[in-house]
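A.B. asks: Chain residues, written in single-letter form:
Number of protein chains: 4
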Amino acid sequence: MITAGIVGASGYSGEVLLELLSSHPEVERIEVASRSYSGKAVEDVLPRLAGRLPGTRFIEADPGRLAAMEVDVWFLALPHGVAAAYAMPLMEAGRLVIDLSADFRLRDPELYRRYYGADHPVPGMLSRVPYVLPEWDAQAAWKEASLIACPGCYPTSVLLPLLPLLKEGVIGGEGIVINSLSGVTGAGKKESLFYSYAERAESALAYGLGKHRHLAEIEEQAGIAAGGDVKVQFTPHLVPLMRGIATTMVIPSAASTDAVYRCWEAHYAGRPGIRLLPSGKSPETRPVTGRNRVDFSALADERTGNLLITSAIDNLMKGASGQAVQIMNLRLGFAEQAGLR
Amino acid sequence: MITAGIVGASGYSGEVLLELLSSHPEVERIEVASRSYSGKAVEDVLPRLAGRLPGTRFIEADPGRLAAMEVDVWFLALPHGVAAAYAMPLMEAGRLVIDLSADFRLRDPELYRRYYGADHPVPGMLSRVPYVLPEWDAQAAWKEASLIACPGCYPTSVLLPLLPLLKEGVIGGEGIVINSLSGVTGAGKKESLFYSYAERAESALAYGLGKHRHLAEIEEQAGIAAGGDVKVQFTPHLVPLMRGIATTMVIPSAASTDAVYRCWEAHYAGRPGIRLLPSGKSPETRPVTGRNRVDFSALADERTGNLLITSAIDNLMKGASGQAVQIMNLRLGFAEQAGLR
Amino acid sequence: MITAGIVGASGYSGEVLLELLSSHPEVERIEVASRSYSGKAVEDVLPRLAGRLPGTRFIEADPGRLAAMEVDVWFLALPHGVAAAYAMPLMEAGRLVIDLSADFRLRDPELYRRYYGADHPVPGMLSRVPYVLPEWDAQAAWKEASLIACPGCYPTSVLLPLLPLLKEGVIGGEGIVINSLSGVTGAGKKESLFYSYAERAESALAYGLGKHRHLAEIEEQAGIAAGGDVKVQFTPHLVPLMRGIATTMVIPSAASTDAVYRCWEAHYAGRPGIRLLPSGKSPETRPVTGRNRVDFSALADERTGNLLITSAIDNLMKGASGQAVQIMNLRLGFAEQAGLR
Amino acid sequence: MITAGIVGASGYSGEVLLELLSSHPEVERIEVASRSYSGKAVEDVLPRLAGRLPGTRFIEADPGRLAAMEVDVWFLALPHGVAAAYAMPLMEAGRLVIDLSADFRLRDPELYRRYYGADHPVPGMLSRVPYVLPEWDAQAAWKEASLIACPGCYPTSVLLPLLPLLKEGVIGGEGIVINSLSGVTGAGKKESLFYSYAERAESALAYGLGKHRHLAEIEEQAGIAAGGDVKVQFTPHLVPLMRGIATTMVIPSAASTDAVYRCWEAHYAGRPGIRLLPSGKSPETRPVTGRNRVDFSALADERTGNLLITSAIDNLMKGASGQAVQIMNLRLGFAEQAGLR
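Residue numbers (the working numbering), protein chains in the order written: chain A, 729 to 1069; chain B, 729 to 1069; chain C, 729 to 1069; chain D, 729 to 1069.
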């Protein structure tokens, strides 16, 4: 039994993480730190969790103090640019740190600068922090790591189907077009007219054309798997969902539907976080809401010579907090699905 | 002042059409026929229209009887396969017929057979019925036609931005990838578990991969404009909107953003049904709800060599009934926007 | 043909008002003033209105300058407490002022202080500014007034059914229980976590128990109609709608259903803003969206001895901007429904 | 460890029940019977449950066969009128039966006939089957029962706050007005135009005025607690939620807010299924989604002499399947919250 801590527990992924950890069979105690709610009772800020953490209050999110606490694993559910300032001292204090932010997702400091508009505070760390999609698991060494980067929500929906195909050469890295639809919790908890109910209900739009930050992450990981440069056209869309991402990929490819499924089966057979749907059946977002899995399927369109892949995840579960718990489970030797059913 | 008639007035596009015609300055009288509601008061079936058509009842949708009535223009808001059986006798009786169904949208009977799974009842008509996107207006002769095919909702969102670019050779017809997001009224008014609130809320999915019927319409019209074969990868998605279509197109092209806007300006300047947004600003569906216009913009992504076009329409207005009224206006010499503001 | 002006045109009711006035047959020119958007093009701030007001920009909302402009009627779509500072100088400059805010809805300065938490700036005006529900029209003298108070959204849904029954003694003023459900535009356009999509979707709650400001307005007007004190228990609820109010009233009463309908018919027969539904059929909010009318019905529950009344309006139309235009129409001698169809 | 069975597992409450039982620590095996899906894989019909019940198929819902199976407890998630035909043979075969339908909720066969429009098939059973709100627990004897009736969703939201106050005489049974707002899953899984997304989104309405079946259940149980007749005016409303019930009660009463809370504390202190909110703070539905609890609060409105009570539940959890599992837990001696966190 361990003690887990969360920094940034008041956002949407923080809340889901807290909910998961509060009923995790291997977690005995939880510390929750918040930059905004220090001193308040968790139940008052997050009424969904009423009864789960009686008496627990948010503690101050001071990196030094947190580093001094007896906590086995810290989860950082913080905005990018903020997480690094916690990750370093916590790691140096010997804690395991699982970072849900974007701060350590990229390998290349130059790429970070281009997409995030600032120099990375500890650029030397980037190539050393493992980026972990647990089912892909290319870097076995991550199970020794003391700081782990969790993938972004869009990249999770894209990379799990894509990486084995790129690695095995079933598809090439040219001309890939990716369109994703996301619910509004993907943007975080914010005071904003644009994200108000009256503005988001009954509206859909594309955004971030050609420059969304998750694009860098997708291309870098895809390139590693392919063993060469991969360029994708990635267009995210905002739709009136609270939770969920649906992704549609179009890939110029002569691969047969069968070859695609064979490759997926070879890599993913028996993995609980992966659900293959029959060719021709596209996944919906709702069946994966609250689930730590990605559903996907493929169809080779002979008429156009394209391979079509569609996937669905819950952005707060497999796309964030569920995956983070899965990473903890594997890193600490617990059952992979512990606390995730 | 004319008398207008609607067959199929109880569906969603029929209702919007009735609403538009009921306050149209050139329409004096409206006849509404329904296969399901014959004899019922319009207001009881369509309470939104209360006070608009006092005393009006649905009449029986018998083609022969309708043909005998003194009606200047008949709108067919019927499922495909049904409309043709009304269009022919009404046209033969000397009426103007504006068909909102898919029955006369394609030119090629073989294409019809492939996508609609049946032989067309009057295949010889297909090449003779004009398919009219009013702002595109390639076939001037349509203003003499007695039967006119209105474009489908997805094709309207796709073709208005695309056709001038193909015609002028600003883009080529290779490798076009189109993703569209649609609200549920696009599927019509139906008793169905899949379309129930509890199933559609909080869910998004791709459907009709590689085989949606609007694909045939898009490719045929795009090919006519381009003067050669055009193949597109078209993937529609269903999202929790009542109304609206957002379309994202990725087109391999060296064209500059400027060249694209110049082409659009040349074709569409001053047309009230077209609104160009600045490059980099993607349209949302809600601002076009209830509007007979399409909003669109373009961005050349130099990093990938793709041109990105995003558009938004209201599937029931510019995508169906608004466009049908606009067609009537132009065909009968009324102001283009009469009854559409 | 007149010139109309709006102060506060960038909020939800301001936008609807602008949309209505922009196609109003008696309105030639519109001036739009905004405290936040001065200098910006209306179309950029309110893309729904693209093409309606080409070239129009928001002007500065300075009361003195506005008073000096040649405008026939000013609509104030402003928060309470702000409107009065515009109403007085505009009225003194000889303009007709139609106030959509709460500033002149109450008659009693003491009541204003209790519910709004501040002294009214011009308390002497309160009893002199007519409060106008056009179909009720108790004060014929309002057609001479230069400042008119438009009712609140909840009160409109409550008072139109209630007032004739109270006035004619069909019901008494004791023990009335009112529950209303409102969409989120009722709260205005605001940057707020509480009103964000992710917080409001899939949630419903009661609020303002025993103290909502519209309660004062309901009781004061009900008391005037009844000729004595009326006390109501009014509980508003927030539900995931953009627009719409559904109101349910429970009134201890021995009145028969017939007596209620007879009273309503006597007062409202032929009025386009009123739609009586048959007893036993409760109105829905959606059929009245975008409509300047209230739908209502009644049922005497013999088992309990209560009269049940249910009503529905669009909070932005009959509950705000549509009613304001209707008031202008009647005040200036235009057709009652001009610009409202 | 036990074997549990569900009849009617394909509806919304059946699905939630299956999800709960599939991760219940005391349930070893689950049998799922369906009248519509016999022979199909559970995962294909209910993709949310993918991975939970690998290989499990719906069995035929034949009462005789089910009675012969080795199942410790059967849950009936069936429409009223159908459940009784299963309950009797299963009970006679010595199984524990927990009925989520309305078939055994009323005590009085005459009341059943009036509200359900048919004679009860086994009227003699009605007074013998315990109706169990676990926190209220008036009938200790239910822990021996072999057939147990689970309360309806609306009644659960009403009775848990109300019963202690009636029993202790804190309030009387006169003039109680109850308004409830419900999400659409409350109506079950159905093919219906009225319940389609395009009809329910952006709409709210009252229904079942003066005659909803849950009224009978509320009055009968309230009368038992009060020791005399209780009449309530109950008006349910349908709002665009998938899940959730928000209830507002107005009760003529001189009781102080403190007296109400003291009574609740006395009855419910420490019960995990009850969460008291501070007076003046009304519960929302979303924080209770997926939770087996009811949140409620009270406010004495001195101005009107009414006591106001607001409550919120998840209609599929505390209002149906969660409560059914809680009942099983208590009946079989498991931890009250087993499988419910």
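Hints listed in this document are in silico derivations from the structure and should not be mistaken for laboratory results. Some clues are possibly wrong.
[Said to hold, decoys possible] Distance ranges between label pairs, derived from CB positions: (1) B:Gly1008 with A:Ala1063: 43 to 53 Å; (2) B:Pro1006 with C:Ala994: 34 to 44 Å; (3) D:Ala813 with B:Ser764: 48 to 58 Å; (4) D:Val810 with C:Gly936: 34 to 44 Å; (5) C:Ala994 with B:Val850: 37 to 47 Å; (6) B:Ala982 with A:Ala982: 39 to 49 Å; (7) D:Gly936 with C:Ala821: 49 to 59 Å; (8) C:Ala821 with D:Gly1018: 52 to 62 Å; (9) C:Gly916 with D:Arg841: 22 to 32 Å; (10) B:Arg842 with C:Glu919: 45 to 55 Å; (11) C:Ala869 with B:Ser764: 24 to 34 Å; (12) C:Gly936 with D:Gly1018: 22 to 32 Å; (13) C:Ala869 with D:Leu839: 32 to 42 Å; (14) B:Gly1018 with A:Met729: 43 to 53 Å.
[Unchecked claim] Okay, derived cross-link-like pairs now, EDC-like style, lysine to aspartate or glutamate, Cα gap no bigger than 20 Å in a straight line: (15) D:Lys1009 with A:Asp772; (16) C:Lys917 with A:Glu1030; (17) D:Lys917 with D:Glu754; (18) B:Lys959 with B:Glu798; (19) A:Lys918 with C:Asp865.
Each residue gets a CB set at the ideal place from its N, CA and C atoms; glycine is no exception.
A.B. asks: Okay, Ala994 of chain C versus Val850 of chain B on CB: inside 37 to 47 Å?
C.D. replies: 58 Å, violated
A.B. asks: Return holds or violated for the Cβ distance of Val810 of chain D and Gly936 of chain C against the range 34 to 44 Å.
C.D. replies: 43 Å, holds
A.B. asks: Take a look at whether the Cβ-Cβ distance between Gly936 of chain D and Ala821 of chain C falls inside 49 to 59 Å.
C.D. replies: Taking Cβ atoms as reference, Gly936 of chain D and Ala821 of chain C lie about 54 Å apart, which means the hint holds.
A.B. asks: Do the Cβ positions of Ala869 of chain C and Ser764 of chain B conform to the proposed distance bound of 24 to 34 Å?
C.D. replies: 51 Å Cβ-Cβ, so the 24 to 34 Å window is violated.
A.B. asks: Per the hint of 34 to 44 Å, is the separation of the Cβ atoms of Pro1006 of chain B and Ala994 of chain C within bounds?
C.D. replies: Given a distance of about 57 Å, which is not inside 34 to 44 Å, the answer is violated.
A.B. asks: Take a look at whether the Cβ-Cβ distance between Ala821 of chain C and Gly1018 of chain D falls inside 52 to 62 Å.
C.D. replies: 59 Å, holds
A.B. asks: Within 22 to 32 Å or not, the Cβ separation of Gly936 of chain C and Gly1018 of chain D?
C.D. replies: 28 Å, holds
A.B. asks: Can the restraint linking Lys917 of chain C and Glu1030 of chain A be considered satisfied, given a maximum Cα separation of 20 Å?
C.D. replies: 50 Å, violated
A.B. asks: Between Arg842 of chain B and Glu919 of chain C, does the C-beta distance stay in 45 to 55 Å?
C.D. replies: With Cβ atoms ~52 Å apart, the hint holds.
A.B. asks: With the threshold set at 20 Å, check whether the alpha-carbon distance from Lys1009 of chain D to Asp772 of chain A stays at or below it.
C.D. replies: Holds - the C-alpha atoms of Asp772 of chain A and Lys1009 of chain D are around 12 Å apart, at most 20 Å.
A.B. asks: For the pair Gly1008 of chain B and Ala1063 of chain A, does the Cβ-Cβ distance stay inside 43 to 53 Å?
C.D. replies: Holds, at about 48 Å.
A.B. asks: Would the hint linking Lys959 of chain B and Glu798 of chain B be met if the CA-CA limit is 20 Å?
C.D. replies: Violated, at about 44 Å.
When the structure is compared with the earlier hints, violations turn up for hints 2, 3, 5, 6, 9, 11, 13, 14, 16, 17, 18 and 19 and for no others.
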